[in-house]
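Undergrad: Sequence order for the protein chains is V and H. Residue 26 is where the first sequence starts when you use the working numbering, and the numbers rise one by one after that. Residue -9 is where the second sequence starts when you use the working numbering, and the numbers rise one by one after that.
To be clear, the hints were calculated from the coordinates, so they are not data collected in a lab. A couple of the hints might just be wrong.
[Stated by the list, open to error] Mimicking PhoX-like on lysine-lysine, the simulated pairs with C-alpha atoms at most 25 angstroms apart in a straight line are:
#1 H/K212 to H/K138
#2 V/K287 to H/K138
#3 V/K287 to H/K98
None of the values given here were measured: they were computed from a predicted structure.
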Amino acid sequence: MTATKKSFFAKFTGQVTLKRGVSAILIFLVIWHVGALFDDWFGVDIIGIGLVPPPADVFAAFLEVIPKIGYWQSWVSSFSRVLTGFLVAMLIGIPFGLLLAVNRYFRGLFFPPFEILRPIPPLAWVPASLIFWPTNEMSIAFVTFLGAFFTIVINVLGGARSIDISYLRAAQSMGASQFDLFWKIVLPGTLPSIFTGAAVGMGITWEVVLAAEMISGGGTQGGGGLGFFIWNSYMGGSLEQIVVGMISIGIAGYLSSSAIRKLGYFMMPWRRLF
Amino acid sequence: MTKEKHRNSGLGALSIKNVTKVYDPEGVNVLAVDDCSMEIAGGEVCMIVGPSGCGKTTLLNAIAGFHSVTEGSIHLDGDLLCGPSKPLADQGADRMVVFQHGALFPWKTLQENVAYGPMVQKVLAPREAMDKASTMLAEAGLGSFLTKYPGEVSSGMARRAEIVRALINDPKVLLLDEPYRAMDALTKQIMHESLLETYDRTGVTIFFITHDLEEAIFLGDKVHIVTTRPCQLKKTVEVKIPRPRSYETQSSEAFRKLLEEVSDAVHEEAVKAFQAGEREMA
Ligand SMILES: Nc1ncnc2c1ncn2[C@@H]1O[C@H](COP(=O)(O)OP(=O)(O)OP(=O)(O)O)[C@@H](O)[C@H]1O
Ligand SMILES: [Mg+2]
Chain V
26 MTATKKSFFA KFTGQVTLKR GVSAILIFLV IWHVGALFDD WFGVDIIGIG
76 LVPPPADVFA AFLEVIPKIG YWQSWVSSFS RVLTGFLVAM LIGIPFGLLL
126 AVNRYFRGLF FPPFEILRPI PPLAWVPASL IFWPTNEMSI AFVTFLGAFF
176 TIVINVLGGA RSIDISYLRA AQSMGASQFD LFWKIVLPGT LPSIFTGAAV
226 GMGITWEVVL AAEMISGGGT QGGGGLGFFI WNSYMGGSLE QIVVGMISIG
276 IAGYLSSSAI RKLGYFMMPW RRLF
Chain H
-9 MTKEKHRNSG LGALSIKNVT KVYDPEGVNV LAVDDCSMEI AGGEVCMIVG
41 PSGCGKTTLL NAIAGFHSVT EGSIHLDGDL LCGPSKPLAD QGADRMVVFQ
91 HGALFPWKTL QENVAYGPMV QKVLAPREAM DKASTMLAEA GLGSFLTKYP
141 GEVSSGMARR AEIVRALIND PKVLLLDEPY RAMDALTKQI MHESLLETYD
191 RTGVTIFFIT HDLEEAIFLG DKVHIVTTRP CQLKKTVEVK IPRPRSYETQ
241 SSEAFRKLLE EVSDAVHEEA VKAFQAGERE MA
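Isolated chain V, as found in the complex (with noise of 0.2 angstroms):
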C-alpha cells in the first residue's frame, strides 16, 4: 500500500513536475535572451525588457560575486533579519491569535486595538521605528516582525473560529476536558491555517526586510544584506548586479517558502492525501 503510493508520487512529483518546472525556466531564458538582444538583431528595443542586460551578461556576473564574502554576508544578514522577523511573530502571533479565537474576554479587550493597527502596511511604520528604537537593526527587526505578525494573527483567529462545531462538541462528549479540547481539537484544527499564514508572513516578512535594507541604507552597522546589495549596484551603476540581486531574492524567498511547506508536510500527514 505505502509502496506504491510512494512511486506514485515519485513518478508525478518526482519526474513530471521536475520536467515541467525545468522546461519553463528554459523557456522563459529563452525569451529573456531573445528580448534582451532584439535591439541587436533587428535595431528595435522592445520596451521594457530592451535595455536588461541578456542572461549570459547576468550569468558572468553571478560567477564574479560568488566569490566575494560580501555577497555572502548579504545573504546572511537578510537572512537571519527575516528569520528573527518571522519567528518572533510566530512565536508571538500563534498564541495571540489562539488566544483571540477562545477567549471572549481577551478578544473584547485586544481585537480592536489590533484591527486599527493592523492596516497600517508595515512600512509606514519605518520612520516612527527609526525614532523609538535605539539601533538602525532594531528598527529593522521590529518593521519586520510587524510585517508578519498581523497575517499570522489573523490567519490563526479565523482558522481557530471556523473549526467545526461538531469536532468540539464530539470531543466534549467523549470526556475531553479544556486541555485536551486546546491541544486536541482546536490546536491540530487550526494548523492548516497556522501553516497559510507563516507563508504569507514570510513572503511579507522578504518584501519588508529588503525595501527597509533600501531605505536604511543598511551599510552602517552589520552588513547591508540583499536589498542593500541592489541599491548599491544601482548607485554603482551595474545593471548585471541588479538582477544578480533579484535572482538571489527569488531564490532566498524560494528556499523559505518551501522550508515552509515542508515543515507543514511533516506536521499535517492528514492533509498529504493526494
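With chain V fixed as given, assemble chain H with the ligands onto it according to the hints.
TA: Below, chain H with the ligands alone, put in the same frame as chain V:
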C-alpha cells in the same frame, strides 16, 4: 421478542416530557420544538421522521446537552438530564452522537479517532485504548484501514468508524442524525446490516433521525413521525417485524402496509410544511 439477548437490555430509557425549545428568546424568536413528549424504552430502536427544518436536530441536541431546553424535561433511566431547574444537560459519554455531517477528527487516523474517548477519560492507558480501537474497528470490517485518515476512506467507512468511535465509550444511547443521508442504495444496505449487527450485539438504545421512510421501518422498533415546525409528536407507528430482519422483509406485505401508514402521515406534514413555506414567501 428478541430483546432478551441484548447485553444491556432495559438501560438507556429516554423520557422526553413537554419539551419546548425557542431559539434566541431575545431577538427573532424561532419556536423549534413545541411541547413535545416521547417515551423511548431502553434498548429500543426509535426512528424519528419529519419534514426538513422541523426541529429534529434541535431535539437531539437537547438530549446530547449541546443546547438548553426552554421548557419541559428529559430523563435518562429516571435521572434528570435537563429540566426547569437545569435547562442544559451535561454532555456525557452515556449519550454519544453521530453527527449529521460527520465529525471524525480529520487530523487523527481512524484508530486514533476511536481511541480518543477512552484516552481522554483515562479509563484506558493509551496503548490499551489503541488496541481496543483496533479490535473494534476490525469487528466493523475496518481492520485494514486503522492508519488511514478520515479523508482517505469512503463516506460509508467514515460513518462506520464514527459509530465505532461512539460505541467504544459504552453509551446507553446512540444518537444518530441522518447518518446515511446522500449514500447510494447499495452502501446504505451495507450500513444498515452493519448497524443492525451492532445493535444485536450491544442492545444500545438508538435514537435515529432520518428522511428515508423505508430505512425507518426496516431499522426501527418504533417510528415516531413528528410534525412540521414546531416539532411535536404526531404519530407513532410500531414495527412488529421480528428481528433479525433481512432485506427480503422489505418486500413483505406487512412492510408495505407500514410504509403506507408512515407515508400518509409524513405526506400530510410535508404538505403543511410546503404551505407554511409558501405563506412565508408571500
Ligand atoms: N441556533 C439556532 N438559532 C436559531 N434558529 C435555529 C438554530 N438552529 C436551528 N434553528 C431553526 O430551528 C428549526 C429547526 O432546526 P433543526 O436543525 O432542528 O431542524 P431539522 O428537523 O433537524 O432539519 P433537517 O431535516 O433539515 O436537518 C429550523 O427552522 C432552524 O432554522
Ligand atoms: Mg437536522
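Undergrad: Evaluate each hint against the coordinates.
TA: Going through the hints against the structure:
1. Taking the CA atoms of H/K212 and H/K138, the gap is near 36 angstroms; set against the 25 angstroms cutoff, the hint is violated.
2. Restraint check for V/K287 and H/K138: satisfied, since their Cα atoms lie roughly 21 angstroms apart, inside the 25 angstroms limit.
3. A hinted pair counts as satisfied when its Cα atoms are at most 25 angstroms apart, and V/K287 with H/K98 qualifies at roughly 20 angstroms.
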